[in-house]
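As a plain string of letters, each chain reads:
Protein chains: 2
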Amino acid sequence: MKKQTQTLRDIARETGVHVSTVSRALNPSNGALITDDLVDKIKAAAERLGYRPNRLAAGLRTNRTMTVGLMIPDITNTIFPPILRGVESVLEPLGYAVIMVNTDSLASRETLLVDVLRERGVDGIIHAAVLRDDPKIIEVARAGTPVVTVNRKIEAEGIPAVVNDDGLGVRLVLSHLHEQGHRRIAHIAGPENLSTGRFRRKSFEDAVARMGLPLPPEGVIQSARFDEAEGWRCAEQLLDDWNPTAILCANDRLALGAIQFLKDRGIDCPRQISVTGYNDMPYLDRLRPGLTTVRIELFGVGQESARLLVRMMTDPEATAPSEMVLPVTLIKRGSVGPPPAD
Amino acid sequence: MKKQTQTLRDIARETGVHVSTVSRALNPSNGALITDDLVDKIKAAAERLGYRPNRLAAGLRTNRTMTVGLMIPDITNTIFPPILRGVESVLEPLGYAVIMVNTDSLASRETLLVDVLRERGVDGIIHAAVLRDDPKIIEVARAGTPVVTVNRKIEAEGIPAVVNDDGLGVRLVLSHLHEQGHRRIAHIAGPENLSTGRFRRKSFEDAVARMGLPLPPEGVIQSARFDEAEGWRCAEQLLDDWNPTAILCANDRLALGAIQFLKDRGIDCPRQISVTGYNDMPYLDRLRPGLTTVRIELFGVGQESARLLVRMMTDPEATAPSEMVLPVTLIKRGSVGPPPAD
DNA sequence: TTGTATGCGTTATCAT
DNA sequence: ATGATAACGCATACAA
Chain G
20 MKKQTQTLRD IARETGVHVS TVSRALNPSN GALITDDLVD KIKAAAERLG YRPNRLAAGL
80 RTNRTMTVGL MIPDITNTIF PPILRGVESV LEPLGYAVIM VNTDSLASRE TLLVDVLRER
140 GVDGIIHAAV LRDDPKIIEV ARAGTPVVTV NRKIEAEGIP AVVNDDGLGV RLVLSHLHEQ
200 GHRRIAHIAG PENLSTGRFR RKSFEDAVAR MGLPLPPEGV IQSARFDEAE GWRCAEQLLD
260 DWNPTAILCA NDRLALGAIQ FLKDRGIDCP RQISVTGYND MPYLDRLRPG LTTVRIELFG
320 VGQESARLLV RMMTDPEATA PSEMVLPVTL IKRGSVGPPP AD
Chain X
20 MKKQTQTLRD IARETGVHVS TVSRALNPSN GALITDDLVD KIKAAAERLG YRPNRLAAGL
80 RTNRTMTVGL MIPDITNTIF PPILRGVESV LEPLGYAVIM VNTDSLASRE TLLVDVLRER
140 GVDGIIHAAV LRDDPKIIEV ARAGTPVVTV NRKIEAEGIP AVVNDDGLGV RLVLSHLHEQ
200 GHRRIAHIAG PENLSTGRFR RKSFEDAVAR MGLPLPPEGV IQSARFDEAE GWRCAEQLLD
260 DWNPTAILCA NDRLALGAIQ FLKDRGIDCP RQISVTGYND MPYLDRLRPG LTTVRIELFG
320 VGQESARLLV RMMTDPEATA PSEMVLPVTL IKRGSVGPPP AD
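Listed in order, the protein sequences are those of chains G and X. Counting the first sequence from 1 gives a position; the working numbering is that position plus 19. Counting the second sequence from 1 gives a position; the working numbering is that position plus 19.
It is worth saying that the hints were derived from the structure and are not from the lab.
When chains are identical, the list treats them as one kind, so a pair holds in a single copy or across two.
Computed cross-link-like contacts, DSS-like style, restricted to lysine-lysine with a CA-CA straight-line distance of at most 30 Å:
no., residue 1, residue 2
1, Lys-351, Lys-282
2, Lys-155, Lys-60
3, Lys-62, Lys-155
4, Lys-155, Lys-221
Please model the entire structure based on the sequences and the hints provided.
Dropping the structure here:
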């Protein structure tokens, strides 16, 4: 039975040259040129022995592991798998592997997991789970590890972010509701500690003000999490305190919860109240009513964040753009209709 | 500005002892006992310097990287994220990191990706994307890397599998349809190159025979992929050639496609034809009609596969069970009703 | 163009 | 109980 893993030494012995020659032959960028036929001979031997480089050893020597870390809040949340695929689609062809961790948006877990990544010597980190205030990742970035945030961003630090145009998204939804005749439009806001929650809320409030629509304090309910239960709770509170004809939710899951609440109360959506989401989760087009929402480029932000990270990893001097904003699209479905006549 | 990463040497210098002493103090299993107060002193220094072990170096020496590979067909398929979380839930507390790769169920990609994992020296592989015939992974397992398959399994090889009780699942659905009065029950089978597709089909055919139900060759349509488009196509073919009152689909996505086909043809589900799925994907309870399906323990199989792998990694002599079967549950929803009176 | 020597950070063997 | 030293596999500065 042949040895488990072949090393450069095995190839060297096999071909009668020195290890360093093999190293150079297999990795042209390493040293000077080797005669072509020797290169061929060495490559043939490597092939024959089924040689695979040991990236641990190489990484120990070069400080590059060809591995990057990907931090995600929770992969079971359907918006993240496409981001991961986008990241992978650019990284894998370049030879990078991805270590993925779920932070559950918990600062404590994040601290832990950043170390898990650093101990493995990742060449860079793509952070889709960043909190608005996130000292640990700032520290890591300052220490020299390339870091890119995606979807979310961190405030007032030099960490590049690839995000969707949430300002535009919110305005598109709002215009659509306005065109349908809605004037009392409420908002279920996303968590305050996430940039997406905060920024969409601000965009909403700004746009509503600019349109001259009424917005009492009770018109915006703050959710604690981006999930269905919170959507339900916030919708209940909203209707207790105000009488909006439409609810603009900070994401699809909040919207699903809100619609469920309306259903449970026997309120028809959209005949009595219209509801909108954000993100365009898969399969939601099959619901009744279909959810009017904003489609964001998940795969796209994944790709761009990876491209950006690669640039930062390969050329530490390159000045990265501080922010990259991708376009969004309004998706009209059945959950929006004209407001009821009073 | 302090050095990027602290090493054992730094701690040694700081505390005035030798590197090997530091290594032993920080990792008790390494060598003999160290005096308690020295251990304390060393740990304090490590803490103070923010020391993190370099797993590359340790792995190079010990051949254990505390990293495992997870191979998945496609993380955007909603059944896989929970499996990943299950895996992570047992691995992460033990200090393991996970490198995840998507194979798209392509043998070519799998070959490639297995090498990506091996080059990084993973201590073991959890394989949720295994094909029924999969020479590459067999080779890796033979070479000594612990491998566990999950959800799917590989035929006739000594690779442990953690799966759901598909035989039971299919029988539960079939009994339910039978109780509702269905006699002409068709099947849209999953891909032949996947154990799940093949096994569910066999379970279906066996159970149908045992129940004495009619099943012409046209009563089973073979899909090429587990997706909605194939569900649509197979449903069309099915109704061209036969007149079943119920369609048992090999998974939810095929069922969604089939239901869409019926809708497109103006055939009411379940009043004219009942349809069932398999897997209980999230959010499908909100559809109309709700999909009657089989709930499988995704998180559970993930956990069990990880536990099994840990045993194999830590004790290579331990005899692993060749198969572990987890229970399933029938979920009754609106897509099944009594057959129409002829 | 190729060989020699050294070190990356750790653990393990041997000595003290 | 602790120190010295070698080795894991590779890349690279230097020598030839």
